[in-house]
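**Student:** Please model the complete structure; the sequences and the hints are all you need to start from.
As they're listed, the protein sequences go chains A, B and C.
Each residue of the first sequence is one higher than the one before, starting from 1 at the first, in the UniProt record's numbering.
Each residue of the second sequence is one higher than the one before, starting from 1 at the first, in the UniProt record's numbering.
Each residue of the third sequence is one higher than the one before, starting from 1 at the first, in the UniProt record's numbering.
Calculated from the structure, these hints are not laboratory results.
Straight line, CA to CA, 27 Å or less: simulated DSSO-like cross-link-like pairs of lysine-lysine:
no.	chain 1	residue 1	chain 2	residue 2
1	C	Lys113	B	Lys85
2	B	Lys379	B	Lys302
3	A	Lys185	C	Lys85
4	B	Lys350	B	Lys300
5	B	Lys85	B	Lys307
6	A	Lys303	A	Lys185
7	B	Lys350	B	Lys110
8	C	Lys113	B	Lys307
9	A	Lys303	C	Lys92
10	A	Lys185	C	Lys92
11	B	Lys67	B	Lys131
12	A	Lys10	A	Lys303
13	B	Lys176	B	Lys379
14	C	Lys281	A	Lys185
15	C	Lys113	B	Lys382
16	C	Lys281	A	Lys200
17	A	Lys151	B	Lys131
18	C	Lys113	B	Lys67
19	A	Lys303	C	Lys85
20	B	Lys309	C	Lys113
21	A	Lys200	C	Lys92
22	B	Lys362	B	Lys336
23	A	Lys6	A	Lys311
24	A	Lys185	C	Lys33
25	A	Lys177	A	Lys7
26	B	Lys300	B	Lys382
27	A	Lys316	A	Lys10
28	B	Lys350	B	Lys336
29	B	Lys362	B	Lys82
30	B	Lys110	A	Lys151
31	B	Lys85	B	Lys110
32	B	Lys309	B	Lys85
33	C	Lys92	A	Lys177
Residues from chain C shown here face chain B by an in silico Cβ test under 7 Å; the list is partial:
no.	residue
34	Gln6
35	Gln7
36	Leu14
37	Lys111
38	Asn119
39	Asn122
40	Tyr213
Where is the CB? At the ideal position from N, CA and C, for every residue including glycine.
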Amino acid sequence: MKETYKKYIKVVIGLIVAYAVFQILFQTGMINSYYNRIIRQIGIFLISALGLNLILGFTGQFTLGHAAFMSIGAYTSAILTRNFGVPFLLALIAAAFTAAVLAIIIGYPILRLTGDYLAICTLGFGEIVKVFIQNVDYLGGARGISGIENKSGFTVIFVLAALCFAIIMNLIHHSSKGRAILSVKEDEIAAQAMGINTTKYKIIAFAIGCGMAGLAGGLFAHFSQFIDPKSFDFSKSFELMTYVVLGGMGSLSGTVIGTSILIALPEWLRGLSDVVKEYRMLIYAIMLVSMMLFRPQGIMGTKEITVAGLKNFFGKIKRIFRSSSTSVNKGKEA
Amino acid sequence: MKKNVFAKMGCTILSLVLTAAMVTGCSSSKSSSDGGKEESAEIVIGGVFPLTGDIPGIGSAMENGAKLAVADINAAGGVLGKTLKLISEDDQNQASVAPNAISKLIDQDKVAGVVGTYASSCSIPMATIAKERGIPMISIASTNEKVTQEGGGYVFRACFIDPLQGKVGAQFALQKLSAAKAAMLYDKSQDYCVGIADKFKTNFNEGGGEVVFDETYNRGDSDFKALLTKIAGLNVDVLYLPDNYSTVGLIAKQARELGITCAILGSDSWSDPGLVTVGGSAVEGCYFTDHVSFETDNPKVKEFAEKYKSQFGSEPSGFSVLSYEAVLLMANAIEKAGSTDSSAIVDALKATDMEGLASNYKFDSDNNPIKSVVINQVKDGKFVFAEEIQPE
Amino acid sequence: MTEFLQQIINGISLGSVYALISIGYTMVYGIIKLINFAHCDIFMVGAYTGYFAITTLRLGFIPALFFSMAVCALLGVVIERVAYKPLRNSAKETLLITTIGVELFLQNIIKTKALAGPNVLNFPEVIPTATFKIGGLQFSNIQLITLGISVIMCAALQFLISKTNTGRAMRATSYDRDAAALMGININRIISVTFAIGSALAATGGIVFGMLYPKLEPIMGVMPGLKAFVAAVLGGIGIVPGAMVGGLSIGLIETLSKVYISSGLSDAIAFIILIIILLVKPTGLFGKRNVKV
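**Tutor:** Structure (structure tokens):
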């Protein structure tokens, strides 16, 4: 027990240090507001991608409508803060809650479907949501909602991303529910035979994942300050899936890496010369395909980055370094 | 049991830090070396255009117009005795990408001002950033009123706004085409189309006409026969199609095939040679509200069109002209302000009284230009000047 | 009543385009269980190739069609060999991302100045449009050609799959790839053939689409592709006649709901019907119940 608390405190201290480092970098202008923006964007989409990884990577349910739940969260929170003056944090909770409830309502019938049929159903659901928003004047229709306050600061995104990470990590690796969810992915029929109510666990995972998408949507609305239905169409769902698959389905740290790379990459390509700039999206496409070809299981596979793993890694490097330096020294002496 | 979780989480965040630091490290060194060396000799402005994404044609027409403006200004001695430099960025015509583009220009390239972009859904989030950072921005072709409203005084535009365009369209249909019954068909998912169609309907109905058909289609549709068949049975006098040139070309073609012979009226996004490429003979005789006409006696416009053709090998569009004028406005304001101080530029922009290529520029209290609307007609595959309507 | 019948004609005309794209989708899916999102971009490349064959090479309709089919078949095989084959045993999602990557690649490469450039192009009128009028109803020769080609392609494909040796090998591969390999079937060859045929079908779709809606742009395949995919699922994915029926149904549903229910909601209505059908019969209209997909 003591050991647990020690680790717990260590992690919290680690988080605070990381947060402080970021803040110092922001305050001193080492990271300018452009990078601040990109980092916040990564954080927001990370929350959504973590939710998607729970559905796609851990539960094995093929969904293509994740962006729709982001739009539900975005619209819920934007309407609440803008039209009703609800406090931002409360609006975020409402965004996550609405998305999760809708996920349960939708999930109950359609999660009985499997594989590609589920994929097309969720994709259809996403399009239905989009068309619905376009046709409701109160939601601004195609003209979207502008004038949303800029509330999604680095702090709130950082805390919420860490929280979502911890929730999924705890759920998957340290609870019986998590083992049930994993069993659905591994072999649904066997899981059923063992007395696991697979539909129930699929819905639980779907609701939590979509709730996170809703949360991310709420953050996004107060980050971009403008939302329109076009921003959450099926290509956004594909994009989110790209983050998860590139990082590794079933690896949360992989999702972090995947999201960071794929959001930073097109921005980084802006820095290139004019000739290359014209081919920015072409280069992006080539890099995406080659990353999948060279690492089909994703960057992390199903592994996680751990302290032990890192120690091992750095230990190896150190040993290599030491052995080479001693050999150099030896050479000198000789 | 919890220990692993948090240990892992710590490392994950570390990896995030590393990734971010890596990205920052790469480019910040580059920009600082750029800025330090050339600051004295150059004035840098930024341009945001939809260079990739679904409408790269419009994006390159706009970028080319801006490039020409910069070349012309530098040939005439530059701004404040320094050379003007344009850094263009791509917004992919996506609302989520455009703010990153302007943010990069402001924070990384330290531009004095920004011109851009095409879609209102991109210009609106850009405007909020321009306001936050206090950098002057001139939207080139975004006609939604919200663009300048969200800009808090820092955002101007080179084009007219949706309400004006819808109003002028309705006026023209009622008076010149003596239409009594109108049909509208537009893309429900495009903010641009919805905004204009809305204003057209209000003004047309108020002016004594009647909009008898108001239906929509979806983005990416290619077949409009279902709704056109319905229109064919209504015997309308005018069909209003406020959408992109490429879509409109298809609609006009199918309308003519179904025997709809009434006049067709459109909006400024028709203004691209692609309209005739796709629409062919079907768009012959159609009218549309536009920013400029190339078939005029205006020597400046003619010279621009020739230069454009010789340099880029293609016909300029109305958006090339707007983009040219936006750069001109920005350069003019910097010259008047006497420095690149942003509030001085904003003040100079507010007091603008400049002769552009096609029209004179003055801004009203909402930072929208007070300028006339041109109505062009398609004749022999060319856009011929039909009328110029001054706003009241 | 005349208007209603005219709308039915409109719906069938639109549906036959969806059907044509859809049968290619469904065949590739049926054999290798891969949702090939790049299919709609091969469709786009097909239309562009047809454009160049007609305008630059000055070929007639039939030669241009075959030229485009050949180019796309080759492209399809190359894409499969380079991008999909190494991932054949990976997770489904990985392959899907790769197809999206290929899709982005094709869309962006066609826009470069070396190929078609960023501007829209107009598909040349290779067969002059003729309009027929029968008792107030109106249809064009292009619409008839579209319907004809989809029916012929569907029948030919069905014949190929059910009656020929290659078709038998394809079905075996679809049923159990490893067992088929043990039976001496050259899996790589069969998959290449599948891709070649599927891509050639996409090229046909592209050219017919270009004739009906003469506007070429790099993203032209996305929406028809999505609708065709829905049609394939509706008909029971992997089943060629199902795709035909699915395509026609989607065309009719879209047209009729646009006219008689709400033009703004027509896409939503098409998807709601799809979801309901899948919930009632999860394998699509023509899907076999006992097959685990």
